[in-house]
Amino acid sequence: MPTPPLTPELFALEDVTLEIGGRRILDRLDAHLHDGVATAIAGPSGSGKSTLLRLLNRLADPTSGRVIFRGRDVRDLDVLDLRRRAVLVPQRAVALTGDVAAEVRVAAPALADADVSALLSRVMLEPGDYLGRDPHSLSGGELQRLCLARALAVAPECLLLDEPTSALDPRSADAVDDVIRSLVGDGLAVVLVSHDVRRAAAVAQNVLILHEGRVTARGPSSDLDLEHELLMPPHDGHEHDADDPRAHDGDRHRSHGHDEQDEHDDPKETP
Amino acid sequence: MSAAVPGSLVQGATMLATSTASTTPIPSWGAVGVSLLLVLVAVAIAWRQQLGISREIVVAAARALVQLVAIGAVLAWLFAHAGIAGALAWVFAMTFVAANESRRRGRGLPHAFRSALLGIIVGTVATLGVLVVGGVISTEPQVLIPIGGMVVSGAMQASSLALTSLHRSAVENRPAVEAALSLGLPARQAFASELRTAVRTALVPTVDQTRVVGLISLPGTMTGLIIAGVDPLQAIRYQIIVMYMLLAAWAVSALVTARAAEGALFDDAQRLVPVAA
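The listed protein sequences correspond, in order, to chains P and F.
Going by the working numbering, 203 is the number at position 203 of the first sequence; the sequence numbering is gapless.
Going by the working numbering, 216 is the number at position 216 of the second sequence; the sequence numbering is gapless.
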């Protein structure tokens, strides 16, 4: 996959730490997520990737640090407006109504019939086959795509997808991936959390790999040795940045180049 | 002490009961002693069948005796000396006891006691208020206290059921609520179906009870009046009022408790707060 052109910044996480019950879930994390592309956040279970996603639309707030959306701290934005601009589709696809059309209209009740049909088509659900059905009767993959249509109904600027294919069989997962690729192709920004780094990288242009709440590698999915990065345990302050020219010298997979700020501020690196 | 509202149903029923009470034998303490034989029957069954609850039965029967004697004495004093202020204070105190009991059902929910107390107080004040202002009941302690007790008891049950349902929703349906919040829906809208379920669940027992009243068993108020010698056709008037009163108390308390608990379930950023299972 070619290296994606640089697009405007959508989200920035600045020195974000999140602790829950004394346990550090995210540890002084810095990240930049760009508009108009798909960014995959990958990592093993418990690495903090789903928590990171929840920070983006304020289903959680960091203990310290800032989350910036289009240049503004998310805490300064109207939270309902933020959530409609950056809609999160949770890992578990849940139907909220008993009818497919009503499901699409959950957050957009004034949506015309034609728009409902168009949204169903956009997620590759043939309206003629699905309108009038109870969402609870759909397969996991179909329900996941219906949840995508429900999210698209509010015309978001960005979709935040938490493990959209983790509970699906390969064929259904491929169908969901096709929908995501198509949405990104139309210019929609997507942030995608997945434990399956290969599948995520096949959809996303950029990849961010987390280990124990810290970014251990980042860059265009085409430039990273994903399997290797995913398996590598985190080292204090060490990160592989595929965009960092130092990463291409010598140690290809794991540079010692952290973000500038971390290089200076991380107490673990201070003698 | 204020007099019964002239022409009220209560006044009529009280007068009827008073006028016929002399003809209705009231059990003596000796008769109460004889009824102890019935406790022995229950104990004998438990002992014979090796149920392991003989001691519990004896303790329960003893507690009932002591509690009822105590409450009888307290009520006798209240009726004689408390006046309307004392009666209201008694009912108000009952709301705290009821809220504390209701809170147990919502354990894990934030501010469960506060939510239950608010629901029980609003349900009680609204129901008793309508009855008093409408001239349906008098403000005499011997009316306010037992009627208030019935209202508080009903409000407590409604509040408990609402909290139980909300707790279950907050734990089990968190994914659905967060899915709705993630779409930018306000907390109240995201939680609307859970709230409806809680209020509906809380109302089911009293609706069922109201539907079958008189068919399965004779309700307490009516039974008491009939035993006291009141004509059944007149006793039912009181019972009808009681049933309608309880419907309102349950509905108001369930809704207010559920709304208050819902408010405590979401933070300023419209997030469902953690709830212990």
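Wrong hints could be hidden among the right ones.
Claimed, not checked - Listed next, with one range per pair, are the computed distances between beta-carbon atoms:
hint, chain 1, residue 1, chain 2, residue 2, range
1, F, V204, P, G71, 51 to 59 angstroms
2, F, R188, P, D35, 42 to 50 angstroms
3, P, E157, F, N100, 26 to 34 angstroms
4, F, Y244, P, R24, 51 to 59 angstroms
5, P, D178, F, N100, 52 to 60 angstroms
6, F, L215, P, P170, 57 to 65 angstroms
7, P, R24, F, A89, 48 to 56 angstroms
8, P, R24, F, D267, 15 to 23 angstroms
9, P, R171, F, G263, 44 to 52 angstroms
10, F, V204, P, D169, 36 to 44 angstroms
Unchecked claim - If you want the footprint, here are the derived chain F segments under chain P, 3+ residues with CB under 8 angstroms:
hint, stretch
11, 176-183
12, 268-274
Stated by the list, open to error - Beyond 10 angstroms from chain F on every Cβ pair, some chain P residues (computed):
hint, residue
13, H34
14, P44
15, N57
16, D61
17, I68
18, D73
19, D76
20, P90
21, S137
22, S166
23, A173
24, D174
25, S182
26, G187
27, H195
28, S222
Read the hints as simulated data drawn from the structure, not as lab findings.
None of these values were measured; they are calculated from a predicted model.
C-beta: ideal position from N, C-alpha, C; glycine also.
Checked hints:
{"no.": "1", "hint": "F:V204 to P:G71: 51 to 59 angstroms", "verdict": "52 angstroms, holds"}
{"no.": "2", "hint": "F:R188 to P:D35: 42 to 50 angstroms", "verdict": "32 angstroms, violated"}
{"no.": "3", "hint": "P:E157 to F:N100: 26 to 34 angstroms", "verdict": "49 angstroms, violated"}
{"no.": "4", "hint": "F:Y244 to P:R24: 51 to 59 angstroms", "verdict": "58 angstroms, holds"}
{"no.": "5", "hint": "P:D178 to F:N100: 52 to 60 angstroms", "verdict": "57 angstroms, holds"}
{"no.": "6", "hint": "F:L215 to P:P170: 57 to 65 angstroms", "verdict": "60 angstroms, holds"}
{"no.": "7", "hint": "P:R24 to F:A89: 48 to 56 angstroms", "verdict": "52 angstroms, holds"}
{"no.": "8", "hint": "P:R24 to F:D267: 15 to 23 angstroms", "verdict": "21 angstroms, holds"}
{"no.": "9", "hint": "P:R171 to F:G263: 44 to 52 angstroms", "verdict": "45 angstroms, holds"}
{"no.": "10", "hint": "F:V204 to P:D169: 36 to 44 angstroms", "verdict": "41 angstroms, holds"}
{"no.": "11", "hint": "176-183", "verdict": "holds (count 7)"}
{"no.": "12", "hint": "268-274", "verdict": "holds (count 3)"}
{"no.": "13", "hint": "H34", "verdict": "22 angstroms, holds"}
{"no.": "14", "hint": "P44", "verdict": "22 angstroms, holds"}
{"no.": "15", "hint": "N57", "verdict": "6 angstroms, violated"}
{"no.": "16", "hint": "D61", "verdict": "7 angstroms, violated"}
{"no.": "17", "hint": "I68", "verdict": "16 angstroms, holds"}
{"no.": "18", "hint": "D73", "verdict": "13 angstroms, holds"}
{"no.": "19", "hint": "D76", "verdict": "12 angstroms, holds"}
{"no.": "20", "hint": "P90", "verdict": "5 angstroms, violated"}
{"no.": "21", "hint": "S137", "verdict": "17 angstroms, holds"}
{"no.": "22", "hint": "S166", "verdict": "14 angstroms, holds"}
{"no.": "23", "hint": "A173", "verdict": "20 angstroms, holds"}
{"no.": "24", "hint": "D174", "verdict": "24 angstroms, holds"}
{"no.": "25", "hint": "S182", "verdict": "21 angstroms, holds"}
{"no.": "26", "hint": "G187", "verdict": "21 angstroms, holds"}
{"no.": "27", "hint": "H195", "verdict": "18 angstroms, holds"}
{"no.": "28", "hint": "S222", "verdict": "31 angstroms, holds"}
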